[in-house]
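Each chain is listed here by its residues.
2 protein chains.
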Amino acid sequence: MSLIRNILNSRSNEDGNFFLNLKEILGYKPKSKSLYIKAFTHRSMNIKDNDGNAINYERLEFVGDAMLSAVIAAYLFEQVPHGDEGYLTKMRSKVVSREHLNELGKELNLIGLVKSKIPKSNFGNNIHGNLFEALVGAIYLDKGYKFCERFIYERVINPHVDIETLEGKVISYKSLLIEWCQKEKNTFDYEVYEDTGRDELKHFSVKLSINNKVVSKARATSKKKAEEKASKRAFFAFQKQIARRT
Amino acid sequence: MSLIRNILNSRSNEDGNFFLNLKEILGYKPKSKSLYIKAFTHRSMNIKDNDGNAINYERLEFVGDAMLSAVIAAYLFEQVPHGDEGYLTKMRSKVVSREHLNELGKELNLIGLVKSKIPKSNFGNNIHGNLFEALVGAIYLDKGYKFCERFIYERVINPHVDIETLEGKVISYKSLLIEWCQKEKNTFDYEVYEDTGRDELKHFSVKLSINNKVVSKARATSKKKAEEKASKRAFFAFQKQIARRT
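Protein chains in written order, with my numbering: chain A, 1154 to 1399; chain B, 1154 to 1399.
Careful, some of the hints might be misleading.
Pairs of lysine-lysine residues, derived as BS3-like cross-links and limited to a Cα-Cα distance of at most 27 Å, are as follows [as the list claims (entries may be wrong)]:
hint, chain 1, residue 1, chain 2, residue 2
1, B, Lys1299, A, Lys1186
2, B, Lys1360, A, Lys1299
3, B, Lys1299, B, Lys1338
4, B, Lys1360, B, Lys1327
If you anchor each label on the Cβ, the simulated ranges turn out as follows [said to hold, decoys possible]:
hint, chain 1, residue 1, chain 2, residue 2, range
5, A, Met1198, B, Lys1182, 48 to 54 Å
6, A, Lys1377, B, Lys1176, 42 to 48 Å
7, A, Met1198, B, Val1345, 52 to 58 Å
8, B, Gly1297, A, Leu1173, 30 to 36 Å
9, B, Glu1231, A, Asp1315, 56 to 62 Å
10, B, Asp1204, A, Asp1352, 27 to 33 Å
11, A, Leu1173, B, Lys1201, 51 to 57 Å
12, B, Glu1231, A, Ser1328, 22 to 28 Å
13, B, Lys1176, A, Asn1262, 49 to 55 Å
14, B, Gln1392, A, Lys1273, 45 to 51 Å
These aren't lab readings, by the way, just hints derived from the structure by calculation.
Note that the structure is a prediction, hence the values are computed from the model and not measured.
The beta-carbon is built from N, C-alpha and C at its ideal position, and this holds for glycine as well.
Based on the sequences and whatever the hints tell you, model everything.
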């Protein structure tokens, strides 16, 4: 423990913002700080505890991966009542794909919190997803399943998981909407502007107008995502009028 | 729901013992009975809900498998501090191996609760493990993670998971003990007798004597298991004297 305390202290001195930034991401104050320090310690730091066990985020990934799988399994079970075991497994693997986890880690800018002896530019792309998994593992071990489940809902399921998209019924709401506008001879316009506001991360806002009337607005971390979000909102507003392609 | 109620009623009439037996296994009274009925309905029954979705245990296996993986991941993380991600993954796959899950299902005689149009003698061996997973899934959905975790500890981890054995440090406590007895010129005797008592399932008891003195007793569902359990108990009693083979 004394070793962990040393690392903790050196961390606070070097990076007073670590726990402040972390609290922003978590939405609560960590109980067991050492777990989160571990979740953001790269193996290149070569730190060991008093028993000689390595302190880095890799073992936490194992726990985080399992918790993501469990929470998403239960979610899909409820949301996709017609899907059999194999279908649910396939859907889950889309949600927790390497690519998607990397996006989630990037979105939270987790790499900004990591402590490493290797320059950050040398990391591969997978570090983002690995840190995200490790963080989920730390949350579970620190605060239990309910908290961890809530974090996964807030950060993964609510903003990113759309059953229709997962089922491959809708590839892109934007293309669906444009197709419909063209068919119906409606004019459309996506007005995009930077809208970072008080966020650290760059954000974009979109106003979607159909026939010169704003029908929906959205905000996200990329132009593409904001447009897709606005299109989806418009889609649900007009869905009785838009023929669904299944 | 009315359909589920019908199945529920027909089930109670045909097999009044279903919920009684279930309560014995669970150690609590189920809240959502329909989940457990689902967990013990084979696809051959060909039952569908009002939306046309199949009612059988297969989808619940997906949830149960995920919960087993999560609970055991967290357990191994704490218990095996020196193991890296890959090592922990390997250990978990031993605990939740098809073979082990089948044993767990058999131990609880879950097949005795299943409703099917196929004669039970025609089922393959995997049905035991599948039912066990489905039951774990039903417990999670009915009572939440904490309850499910407790069930997994009581039925899987406490009676069956031994870190030393999993790590391959000890293959069999019986062979270890016999080896030691022979080396030390101690006599030993495993006295085995049937001891089913009030259980439905056949049980065996073992008295292990070393130098004509009873040193440990154990009871299990097979002779082999009871002997191994008694050996393990003796092993821990004598462990200072027994040289450990790593």
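Would you list, in rising numerical order, the hints stated earlier that this structure does not obey?
Hint check: 2, 3, 6, 9, 10, 12 fail, others pass.
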